[in-house]
Structure formats: structure tokens, C-alpha cells
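Protein chains: 4
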Amino acid sequence: MEVNEFTRIGKRLFAEHLVGGNFGNMSIRTGEESFLITRSGSYLDDTGDLVRVPLFGDVPSAASSEWRVHRSVYQQTRHQAIVHAHPPCAVAASLVYDEINPLDSEGKMFCPTIPIAVGEPGSSELAEDVADCLALTGLCIARGHGTFATGKTLEEAYLYTSLAEHACRVLSIANSFR
Amino acid sequence: MEVNEFTRIGKRLFAEHLVGGNFGNMSIRTGEESFLITRSGSYLDDTGDLVRVPLFGDVPSAASSEWRVHRSVYQQTRHQAIVHAHPPCAVAASLVYDEINPLDSEGKMFCPTIPIAVGEPGSSELAEDVADCLALTGLCIARGHGTFATGKTLEEAYLYTSLAEHACRVLSIANSFR
Amino acid sequence: MEVNEFTRIGKRLFAEHLVGGNFGNMSIRTGEESFLITRSGSYLDDTGDLVRVPLFGDVPSAASSEWRVHRSVYQQTRHQAIVHAHPPCAVAASLVYDEINPLDSEGKMFCPTIPIAVGEPGSSELAEDVADCLALTGLCIARGHGTFATGKTLEEAYLYTSLAEHACRVLSIANSFR
Amino acid sequence: MEVNEFTRIGKRLFAEHLVGGNFGNMSIRTGEESFLITRSGSYLDDTGDLVRVPLFGDVPSAASSEWRVHRSVYQQTRHQAIVHAHPPCAVAASLVYDEINPLDSEGKMFCPTIPIAVGEPGSSELAEDVADCLALTGLCIARGHGTFATGKTLEEAYLYTSLAEHACRVLSIANSFR
Chain A
1 MEVNEFTRIG
11 KRLFAEHLVG
21 GNFGNMSIRT
31 GEESFLITRS
41 GSYLDDTGDL
51 VRVPLFGDVP
61 SAASSEWRVH
71 RSVYQQTRHQ
81 AIVHAHPPCA
91 VAASLVYDEI
101 NPLDSEGKMF
111 CPTIPIAVGE
121 PGSSELAEDV
131 ADCLALTGLC
141 IARGHGTFAT
151 GKTLEEAYLY
161 TSLAEHACRV
171 LSIANSFR
Chain B
1001 MEVNEFTRIG
1011 KRLFAEHLVG
1021 GNFGNMSIRT
1031 GEESFLITRS
1041 GSYLDDTGDL
1051 VRVPLFGDVP
1061 SAASSEWRVH
1071 RSVYQQTRHQ
1081 AIVHAHPPCA
1091 VAASLVYDEI
1101 NPLDSEGKMF
1111 CPTIPIAVGE
1121 PGSSELAEDV
1131 ADCLALTGLC
1141 IARGHGTFAT
1151 GKTLEEAYLY
1161 TSLAEHACRV
1171 LSIANSFR
Chain C
2001 MEVNEFTRIG
2011 KRLFAEHLVG
2021 GNFGNMSIRT
2031 GEESFLITRS
2041 GSYLDDTGDL
2051 VRVPLFGDVP
2061 SAASSEWRVH
2071 RSVYQQTRHQ
2081 AIVHAHPPCA
2091 VAASLVYDEI
2101 NPLDSEGKMF
2111 CPTIPIAVGE
2121 PGSSELAEDV
2131 ADCLALTGLC
2141 IARGHGTFAT
2151 GKTLEEAYLY
2161 TSLAEHACRV
2171 LSIANSFR
Chain D
3001 MEVNEFTRIG
3011 KRLFAEHLVG
3021 GNFGNMSIRT
3031 GEESFLITRS
3041 GSYLDDTGDL
3051 VRVPLFGDVP
3061 SAASSEWRVH
3071 RSVYQQTRHQ
3081 AIVHAHPPCA
3091 VAASLVYDEI
3101 NPLDSEGKMF
3111 CPTIPIAVGE
3121 PGSSELAEDV
3131 ADCLALTGLC
3141 IARGHGTFAT
3151 GKTLEEAYLY
3161 TSLAEHACRV
3171 LSIANSFR
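Residue numbers (my numbering), protein chains in the order written: chain A, 1 to 178; chain B, 1001 to 1178; chain C, 2001 to 2178; chain D, 3001 to 3178.
For reference, chain A alone in the conformation it holds in the complex (with noise of 0.2 Å):
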């Protein structure tokens, strides 16, 4: 059933090219104690079994190698899901910016101002820093890596992650235009 809804979702990053390859994960709270992540290496749109990750405790070493992040983030604040891709418009941006404001109406209405957090891929560093952002935001983008995006649902934390793309694809086309 679950599976199902990320594979969904997961079509739809791809569809939007907001995600290549085997990159990107996604997950669901379940309940007061833990959350349900994609597997390390699996394809968001064909991701196979989930794996259930404690909020606190040893982590099932079949898990996306980003656990760190969803994890902390399931610790610091109230997000029921959580969408990591990939989307090349806002991590291009985040390597010039510290943070981004869009200029298109729905990026300036849902997300006006998208912090950028730092650290490496996998670290504690980048774990805690996303979660502080997302402590007091819905989105944020890891600095060169990719965008965190929440929601109550896997499909609010996709629509953040295709809000951010356009606001940025559209920074990026308006500077042709000058």
C-alpha cells in the first residue's frame, strides 16, 4: 500500500526530471516511533520494500544512506513526510545563493524564503542543519546536493520539491532575458 504511494510519487519526480538515476529518497512517519524510508540505492519510481527506521536507536543497514537527515528531522518537528531529490535548477542555485527568494507567484506564496543548509551528504553536520531549517519551514535545499522538502503527506513534500525547481528554473530563465 505504501509502496504504492511513493512509487506514485516517484513517477512524478521523474517525470519532472526532478530526480536522475537512483537518487533522491523519500519517507513516512509511522506513528510515535519510527518512519518508513526507500532503500539505499532503490529507484524512487520502482522503489521495491520500504524499511522501517526507529526515531532513536540502530538503523537497518538497508536503508537510504541518507537516514541521518529524515531522522532528525522526525525528531525535531512535527513533518509526517519528507522528499529528498535531486532537482538540478535549485541545486545550482544553492551554489551561488544563501538563500533563495523567488520571484514567481507560487514560490513567493508557499516558500518566499528557502534557506540553503550545509554539510556533507551523509553527515550529522548536514542532518542537524536541515532539521533546524526545516524546524521552521516546510523546504530547504542542502548546499550543492539536493532539496528537503516536508509535508503531511509524501505528495505536499513533492509539490514543495516542484515549487522550488520552478521558482528556481524561473531566476535562472529570467537572467536570459537581461
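The hints are simulated quantities; they were obtained by calculation from the structure and are not laboratory data.
A hint or two may mislead.
[Said to hold, decoys possible] Facing chain A, a subset of chain B residues (Cβ under 8 Å, in silico):
1. 1021
2. 1095
3. 1096
4. 1121
Each residue gets a CB set at the ideal place from its N, CA and C atoms; glycine is no exception.
Assemble chains B, C and D onto chain A, guided by the hints.
Just chains B, C and D, lined up with the frame of chain A:
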């Protein structure tokens, strides 16, 4: 029946990257008194049930939040169908220009001047400005927001949308050669 | 039978974003006296019935409005098939350059100089200029309009189209690195 | 069996726009003496029969015209699979830079320096230079031509291809913000 046609057009809008996520909306006029519009939050490639909105009077809460623009257009013009999408090059161009003058031959033939409408998404101001633009032409861009394209059918409105994005993409890429 | 091949090629043209909406058209020579062309307003990925056009004399009204170019090419050259598409990078490049000299290895090998033809879409002037270009080479771009690519088969004409857009896209992106 | 895996990877290469038309080719090592490569002119998402090429001696004429590069790599390295694609950002970057240093985190982790190989497509010079590059790393770009990526499996080689294009796309877009 209508749902099938909405979905057919929606799939083409997605395939051409003219819309992402659950953004955008579409409607067709139904007789003298009402129009059918996509639901708030629905995906244009998988619309589910449509919502009937009267030209005057109360609006069902399920209707797309953009119903105000659609209603103003149907009240003030004879257009039979409307497609609202978020094509990134058109949105970016609308941030920089006060009107868009395509250089490609289809743009020059079918929409030699694309007006830019202003106003917050969902506002009466935007609804009025879009309706004013569309009283004179088949296509406009709400600044920083997206295209509103009209036609005798949903298909014609989609084709104007595709045309607008192509025109703006060509303008953007042409600048890369200068 | 032919429809299947037209549709197979049309789907690839769409998947590579070489054409959008119901733009573009395709034809194949059939014997000494006529050619088969897509209908006016048809989608290249779903062509429906094709229209037989004689090399001389009256043209059925259902034929693509671009029949004049196709007929001139079949009258003046030995090409067996034509694909006309609207690839955005090729169209943009044709607005800026008088001829295109690819820098990528396939472009250098298969179309080292891509000529630019001029004239309004549908005009005799364009038909003549495209035919003149295609008497000397397999591929040209109608300025601001789109590619006309030829071949022994529809597939070969499609491959030239893909090649032309790739060459122009590479030129555009290379400029972003300079 | 192998054809299915080739086709699965080919479909992903197309969906990410890493290859277009019937360009690109793929191979896997089969034992000590030979490898299986895609046919000349075949589509990577619909490969049809594969061609067995010996590591030394005569090469079947049906083999991809790029067999020379694949054979040199299998002769001089231990790589088990090769994917050759034409991703536009990687090709464009290879025209401008002598080596590529990604700024995105996956690029920095998995291919911190992407070497550029030189030589005409199909030539011994290119075959030697690519093999030299791939003796030291998993991925290189033939200047103006395309990526050659390797791995233990076809999938791994595809993932390097996707990674290379993502890295170059991010570099290109980042420049639009500067």
C-alpha cells in the same frame, strides 16, 4: 466524457512540461449559464470529477481557487475554453517584459503581442486584468504566475499555451547565442 | 502500415521535445507521382489518416498547410522522406546565425554546415528556398520556424532532426561556460 | 535476458534525455574473451539482438561503429560494462574545459575530476585515449562527442552517465546566476 478530454489535454501539458505538480487548471463553457472547471488541488493529467460553476452567484468550494479568473473571462468574452498553466519560460519572460513579442514564426502569426496581466493569484484584480486582456486576444501571461489561454475548445487553448512557451523558450535560447 | 511508421517516428519526435502541440508535419514519397503527408492540424504522435498529394496539380484541402515545401523538395530532389519539426534550439540559432556550424562530432560529421532558409511559412518563397537548400544537403532550418530534414526514410529524416537540435543545444550550452 | 537489461537501461537513458535518436551504444563483458555490444544503428531503448565481439581478431560488421573504444577499454582495464551516451551538457562542457570539476556533492564524491578524451569518433586515437582515461577512473567525456562510463554492471555505468550530465547541467545553470 468531458473528463476524458480534460485528461487528454492535461497529459499533453505535462509531457511538454507546461505544468508541474498539481498546478494549473482548465475549464470549458457549458451553455449560457455556467462552466466546468477542474477541482482545487487536482492534477491536470488525472482530473477526477469536474466542478460546475455558475456565471453569477455562489461558487462550489471544490472549484479551482482560480475560478475568479475563469468566471470573469466567460462573463466578458465569448471564449469557450480556458487553460491556465505555469510554463517556466513564459513565467520568466513575464517578470522582465511588459509585453512579449515573439520572434518565431508561429508566435508572430498567432500571438504577435502577448500581453502581461497583473494582480495576485486568486484576486479580483487579476481576474479583471486577465479578462480585459482576453477580450482583445486569445492569450496572456499573468506576471510571475502563468499563462491564461483561450479557444473554441480546450485543445485550442492548450495549443496557444504550447505556442506561448515555445515563443518564450526561443527568445531565451536566442539570447544565449548573442 | 505507413500510419504506424509515421506514429512511431512522431512519438520519438515528441519524446525528445523536437515538436510540441500539433505543430510539425511529415511526408514520404510514394512512387513517381505523389507523396503522403500528415493532415493539417494532426498530432505527429497520433497522425490519423494521411493525405496523398500529387507532385503536380490540385492539392487536397486536408493536407498539411506546409505541403508547398514538401512538394517543392520532391519535385527538385531525390529525397524520399521529409520531417518538419520545431526544435527550440535550432529555431533560436536560426534567428541569430546565417548558417550553423556544429561543434559536436555528430554535427561535424553529418551536417557540418546547416543552411538557413527564408520565407514565410506556407509561402512559395520558403518552398523554393528550402528546396534549393535540400538539393545540396539533407537538412536546413527555416529561419525562426523549424527544421526540414530529409532522408531515404522517415526515420533517417527524424535522425537528422534530432542531430540538428543536439548540435544547436550543445552550441547554446557551451556559451554558458564561456 | 541481456537484451532486457540493455533495454531497461536504454529506456532510462532516453527518459533522462542522456541520448537521442539512435545514438549511443552499450556493452557488457562476457567472460575472458569477448563482450556483447549493441548493433550499429540500433536504438538503446529497443536494442534488438546484441553482437558478440572478441577481445582480439575480426569484428562482426553488425557491431556498433564505436566497438574500437569498447574493445580497448576491455583489453586494458577490468571494467565489466560500458555505456556511451551523448548528454548535451557534458558534451558542451567538454568543448570548453580540459577537465571537468563538478561542484555538486554527488559529482564531487563519485567523479571529482572528469577527464576529457580526444580523437575522432571511431578512430584508434580516441579508443586509446578513452582506455587510458578509464584505466584511472570510471568515467570520461570524448570531446564534443559524448560520455564513456563504466561499471561492474550496465546499471552502474548508466548511473555514472546520469551523474556526469547532472554535474555539467548544474555547472551550466549555476553560471546563469552569476
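Interface restraint verdict for residue 1121 of chain B against chain A (beta-carbon cut-off 8 Å): For residue 1121 of chain B, the interface hint holds, since the closest Cβ of chain A sits about 5 Å away, which is under 8 Å.
Cut-off 8 Å, beta-carbon criterion: hint that residue 1096 of chain B touches chain A: holds, 4 Å
Hinted contact residue 1021 of chain B with chain A - closest CB pair below 8 Å: holds, 4 Å
Interface hint status, residue 1095 of chain B versus chain A (Cβ within 8 Å): Holds - the Cβ of residue 1095 of chain B comes within 8 Å of chain A, reaching about 5 Å at its closest.
Checked against the numbered hints given earlier, this structure breaks none of them.
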